[in-house]
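**Q** Read off the chains here:
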Amino acid sequence: MSTRLATGGRLIDRSTRAEFTFNGKRMIGHEGDTLASALLANDQMLVGRSFKYHRPRGIIAAGPEEPNALVNLGRSDRMEPNQRATTTELFAGLEAASQNHWPSLEFDIGVVNNYIARFLPAGFYYKTFMQPRAAWKHVFEPIIRHSAGLGSAPKEPDADRYEYVYAFCDVLIIGGGIAGLQAALTQGQAGKRVLLIEQTAHWGGRAPVDGDTVENEHAGEWVTSAIDALKTMKNVTLRNRCMGAGVYDHGYVLANERVADHTPGDGRPKQRVWRIRAGHIITATGAIERPLSFAGNDIPGVMLAASLRDYVVNFAISPGDRTVVVTNNDDAYLTAIALVEAGLSVPAILDARPQADGDLPNRARALGIRVEQGRGIASVKGGKRVTGVQVCLQAGEGAVMEEIACDAVAMSGGWSPVVHLWSHCGGKLTWSDHLSAFVPDPDRPPRNHDGSAMVSCVGAAAGTYRVEDIVTAAVATDVIQSNDAENTPAIPPIWVMPQGAPIGLRARMWLDYQNDVKVSDVQLAAREGYESVEHTKRYTTLGMATDQGKLSNINGLAVLSQALGAEIPQVGTTTFRPPYTPVTIGALAGESRGEIFQPLRRTPMHEWHDKSGAYWEPVGLWRRPYCYPRNGESHAQAVEREVLNTREKLGLLDASTLGKIIVKGPDAGRFLDMLYTNMMSNLAVGKCRYGLVCNEQGFLSDDGVVARIDEDTWLCHTTSGGADRIHGWMEDWLQCEWWDWKVYTANVTEQYAQIAVVGPNARKLLEKIGGMDVSKEALPFMQWADGTLGGFSVRAYRISFSGELSYEIAVPASQGAAFWEMLHREGAAFGAMPYGTEGLHVLRAEKGFIMIGDESDGTVTPLDLGLAWAVSKKKTDFLGKRGMERSHLADPERWQLVGLETLDGSVIPDGSYAVAAGQNENGQRNTEGRVTSTYYSPTLKKGIAMGLVQNGPDRMGEVVEMNKVDGSTVQARIVDPVFFDKAGEKQNA
Amino acid sequence: MLILTCPYCGVEADETELSPGYEAHLKRFGPGATPEEFESYMFARKNPKGVHFERWRHAYGCGKWFLAARDTNTLEVFGTYPAQSPEPPADLIAKIKEKRPDWEGHK
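Protein sequence lines, in the order shown, are assigned to chains V and R.
Quick note on numbering: the numbering used here labels position 550 of the first sequence as 573, and the sequence is numbered without any gaps.
Quick note on numbering: the numbering used here labels position 74 of the second sequence as 443, and the sequence is numbered without any gaps.
Keep in mind that a hint or two might mislead.
Claimed, not checked - In silico DSS-like cross-links for lysine-lysine, where the CA-CA straight-line distance does not exceed 30 Å:
hint : chain 1 : residue 1 : chain 2 : residue 2
1    : R       : 468       : V       : 451
2    : R       : 433       : V       : 765
3    : R       : 466       : V       : 451
4    : V       : 672       : V       : 765
5    : V       : 687       : R       : 433
6    : V       : 451       : V       : 215
7    : R       : 396       : V       : 898
8    : V       : 215       : R       : 468
9    : V       : 897       : R       : 396
10   : R       : 396       : V       : 451
11   : V       : 799       : V       : 1005
12   : R       : 466       : V       : 765
Said to hold, decoys possible - Some chain V residues flagged as far from chain R (calculated, every beta-carbon gap over 12 Å):
hint : residue
13   : 50
14   : 97
15   : 276
16   : 425
17   : 751
18   : 847
19   : 875
20   : 903
21   : 906
Hints listed in this document are in silico derivations from the structure and should not be mistaken for laboratory results.
Even glycine gets a Cβ: it sits at the ideal position worked out from N, Cα and C.
Only chain V is shown next, with the shape it has when bound in the complex (with noise of 0.2 Å):
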């Protein structure tokens, strides 16, 4: 069983008690030790279940690559699935669950998935999907629904905040080891601004473990005063539990920091987002040491020598009374030599290679510890602990030759190079045979926007492991590389073992923990046909679970290159990609969500519609009230209300979203020639004309009422959500094509509150508050004229998207709300009622008015909506010409805007199509149609629509079938798509 030692610990604090539980059961820790140490202390090595067969998984790190200590923190509104219990600090009262397992950890039933893995292969998913068919629905989808997934998604809201913060420095520092640490002083020195970030809570990485040396002092001191150096330095900025997530384009970095993880609910925020620009990177973010490949390496209780080394030295564990270790280099010897030095025993350490005589290996064996050499681990006994190992030769096929008991293994395959955010902007690694591993290429670094190297490794990182080496390489100041892993002791390759082990063998000797991935499986899919790594990874999962690979891609990558009979760098690496370690979406969200998700723009009359019950629909980044409902109207009554008020007697409308830009200039007619699709250079000045612009395939963009204002002036209105996009569409053009045309555009949009006075009584209620003449003869229809109106300086438009008599008065927007209030209180004597944007949509169908966005999606053209009016056929040139002359385009055939009127009244629902005769090559209904726009008419009490049905026009009166969601259809019959005063009376009035 594992214990906490009576003495010892580095980081803890004895004199403290931290209670917490894991799956209920209390348990007793100290400050400063992480989850994963504190579960140790309590004997509690099993910790979860694997992904696929449900075996039981025990820690086996000590840091982020943890692939199998996957836990549930906390609960309710502060619950958190996935986070690794070798990087959570423990606090008291904090709550833990394992995850993935059914009914529970002890006991769990999936694990028959363990006793059927033959029938799991690699690949699984991708076969099954194939043939057969009916199995997916009635067998594999409901048993994989049930046991998919790790961790369960919190329910409630996030009681926790989170922020953003934005940073800028000469020199970013990733990784507070002694490279790192070295680093940050040189560069401190040399007066750059540094800042230097460590994703753990303490300093000095593995070195005070190692009880390394540095420049003559013990390692421990030498961390110490390096960060009292430092903090005495106003140049550098330091910040721990701050992890490296990200390294992009041009030095930006994006950083995570765990502020109040460890102190919930004390007012911090929980996270912290650090959004870096660095004018260079250095990177000193260590190595993760490697499993090895046999038998029952994933039973609990078999360990990383290193992450077991840290649980002695740095927690006081002791993970069991008997350790062996098996190792390929010397490195492991340490965690030995510390295991006795606590006064544990180390039964034998089996090392693979055939010689081991390096000052590790003679001080192990002063020490008294049987070393054995070119010696594996046949396979590892136990179930859900380590009961022992069958000891074999490593050259051998596994033919047992001892057995050893013991309650630990603590394994080494080597060490890999943490290259992922060098690798992250296209830093290119190179293998080294010397240290079997991928160390980064310093010819053939990330680039900076300048073209110099934007990232460098130092330490670990780049395959340096002797302190004296990292030093040297860190005092540089101009930060050249290290590349003297030549220096290191040698790590032979052992990707398996035995190496002749047989398929017995191979199939239980697993490269990812988390997804099941084996030896065999690689192997399989190597048999298969799969060559590319990055093919092999996603048909085996093989590093796609959370760890992202951390322990298995290597050791993976070698096993197939085995396979193929390939060099390890002709197979290559997948490819790495951020975030290093998983963010949660909470801190990537910040302060954004709620109410300042986004920004909110609110028209000048936003606060009278809030006051008076509006529903609000969003319009881009505007707020438009959908409706008004009163005195328990549902949304369809209160738009139903709207609409007749507003035939019958006045409508009022906050148009201010609309677009407005002003052209102007002495070449701004000639300008808009080009813009709109028909001629806007001869409006007469004080006149409106309906425009259409198109991009440059042909297809409708946007359209609006442009007024002439002078001579040299125009007035585009554009729909609500495209004032931006066609703005910038204007100066797109006058700055990159037409730069000698002589051209102003202004975006006023916001400048003025526009109020739609619509309906019979709208002049009348003009005319009551007074001021300029706004009789037919004054101000006919597409009019403008400026003037007062009721006090107020107003330029009136007599324009209609309704069909009715309709004046849109344009006032400063300061004055909008003002008069917004005075045409509600002078117009209630004439029935006046706002009405929202589904009353607009309503009022515009009975016109059959085409709206951007309904009618049109980007693959429409004006004359598919029976535009051609608004075409002009006389100008030689203008955006979209030449594309809507593609023959496709111009093809009679095409599905063209026609009315649609159900036969039984009823309403067509959104999104229907209008089905032909016979199937399609892919088996599905022939089509020849779709509604764009579908309403109940309250003017004609029934159901009207808009679409696009093929050649249209030409088949008025004919019936065509529209589906529904239920799968029947209902008859339609092909109509005009004005539906209502198609004379135009009323607007013209």
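Starting from the structure of chain V, add chain R where the hints point.
**A** Using the frame of chain V, we list chain R on its own:
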């Protein structure tokens, strides 16, 4: 998150201040163009792995469109210049050729 220097206002602008406009120095083909010419204008893009001339707008800054020469592979920026340029400036071409001797040139 690129950094590009706006040639108008001189600001070293973060990509969040900019909006992209795809390939630069396209020749517009309008009415009268052959289908091949129109296709080349509308759809055929060089999309090179290497030196690329592209359009950017300092959308959340001075509002000006400008052009940039950039290596799409290494992200190195060779220079930026005003949008009112029928072709890349000669000194910029020379600078790129010096840095990328194998570059086949702008045309």
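**Q** Does residue 906(V) sit more than 12 Å from chain R, CB to CB?
**A** It is violated; residue 906(V) is separated from chain R by about 7 Å at its closest Cβ, not greater than 12 Å.
**Q** Hint check: residue 897(V) vs residue 396(R), CA-CA at most 30 Å. Holds or violated?
**A** Holds, at about 24 Å.
**Q** Please confirm whether residue 903(V) is truly not at the interface, meaning its C-beta sits more than 12 Å away from all C-beta atoms of chain R.
**A** 10 Å, violated
**Q** Examine each Cβ of chain R, and state whether all of them lie more than 12 Å from the Cβ of residue 50(V).
**A** 44 Å, holds
**Q** Decide if the proposed pair is consistent with the structure: residue 396(R) and residue 898(V), CA atoms, cutoff 30 Å inclusive.
**A** Holds. Residue 396(R) to residue 898(V) sits at ~21 Å (cutoff 30 Å).
**Q** Does the alpha-carbon distance linking residue 672(V) and residue 765(V) stay inside the 30 Å limit?
**A** Violated. Residue 672(V) to residue 765(V) sits at ~46 Å, over the 30 Å cutoff.
**Q** Check whether the Cα positions of residue 451(V) and residue 215(V) lie no farther apart than 30 Å.
**A** 27 Å, holds
**Q** When you check the alpha-carbon spacing of residue 215(V) and residue 468(R), does it fall within 30 Å?
**A** 28 Å, holds
**Q** Check whether the Cα positions of residue 396(R) and residue 451(V) lie no farther apart than 30 Å.
**A** With a Cα-Cα distance of about 38 Å, the restraint between residue 396(R) and residue 451(V) is violated, given a limit of 30 Å.
**Q** Regarding the assertion that residue 751(V) does not contact chain R, is the least Cβ-Cβ distance greater than 12 Å?
**A** Label violated. Min Cβ-Cβ 7 Å, cutoff 12 Å.
**Q** Does residue 765(V) sit within 30 Å of residue 433(R), going by the straight-line distance between their CA atoms?
**A** 16 Å, holds
**Q** Residue 468(R) and residue 451(V): Cα distance at most 30 Å?
**A** Measuring from Cα to Cα gives roughly 20 Å; hence the hint holds.
The structure shown violates the earlier hints numbered 4, 10, 12, 15, 17, 20 and 21.
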